Structures are given as C-alpha cells and as structure tokens.
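Hey, can you work out the whole structure from these sequences and the hints?
Quick note: the sequence shown, position 37, residue 37 per full-length UniProt numbering, numbers continuous.
Any given hint could turn out to be false.
What the hints assert, rightly or not - Each computed DSBU-like pair below joins lysine-lysine, with the alpha-carbon atoms no more than 35 Å apart:
hint : residue 1 : residue 2
1    : LYS45     : LYS99
2    : LYS99     : LYS75
3    : LYS45     : LYS75
Worth flagging that the hints you see were computed from the coordinates, not collected in a lab. Since we're looking at a predicted model, the values are computed, not measured.
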Amino acid sequence: MAKKKKKNKRQQTQQHLSPEQFIKQKARALEIGPCYLTDDLTDMKEGYVVVTRRHTGGRVSLAMFLVDVYCLGVKDSFYRLRMDPDEFEDFVENIPRVKECTYNEAHNWVYGSIAFAEH
Numbered sequence: 001m002a003k004k005k006k007k008n009k010r011q012q013t014q015q016h017l018s019p020e021q022f023i024k025q026k027a028r029a030l031e032i033g034p035c036y037l038t039d040d041l042t043d044m045k046e047g048y049v050v051v052t053r054r055h056t057g058g059r060v061s062l063a064m065f066l067v068d069v070y071c072l073g074v075k076d077s078f079y080r081l082r083m084d085p086d087e088f089e090d091f092v093e094n095i096p097r098v099k100e101c102t103y104n105e106a107h108n109w110v111y112g113s114i115a116f117a118e119h
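Given below as structure tokens:
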C-alpha cells in the first residue's frame, strides 16, 4: 500500500504539459540556440526565420516563421519541440538558402516585418 501511495504522489507532482503550455510556461527559460534566416532576405522580400532553444539533455525546440518583409509581415509559423540533434540538423539542411544569424537579427526580422505590415 505504501508503494502505491508513493507512486501516486510522484505522478501528481509530475506535470505533463501540452505543447502550447510548454511554450507559454517553459520555452523562454531555455538557452537560445543557433538561429537562421534566408540568405538573401532583403532582396527576396520573403523568407524563413528560425529561432531555436536548447534543452539541458541536448534536444532542440524551434520556431520557424515565414516572413513577408515588405507587405504581410509573418505569413505563417510553426514549432517543433524536443527534436534530437540529428533530426534538427536534417531539418536545417532541408531549409532552402539559409544562413546562421544572431538571435537579435532573427528577432528584428520577425518583429520588423510585423511592424511594417501594421503601418
């Protein structure tokens, strides 16, 4: 009986968050990882921005934005949570014409596109 109580107590303290709740509650606390953007975003006027976060166990979560720099702002976005490092590398290799950038550059492209679209 004591083992069963201990197991139930452990299950109660362990939180299973939905992906949306994880993003809202935990993702911002993770270390920022490499970021990427379409190589010629200024000339193309539309491209991808990727922001990653590193988990302590080596996994990677990311958010990817399709930005229309001079018109619509962020046209589309999605996320992937807890990707293993090999899966992440394959993912980045399959994004056309991207280069690594700083978090500040990625942030400015996303929020700058939104600001331009709002005015």
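Taking the hints in turn, this is what the structure says about them:
1. LYS45 x LYS99: Satisfied, since the Cα-Cα distance of roughly 16 Å is no more than 35 Å.
2. LYS99 x LYS75: Roughly 20 Å between the alpha carbons, so the hint for LYS99 and LYS75 holds.
3. LYS45 x LYS75: holds, 12 Å
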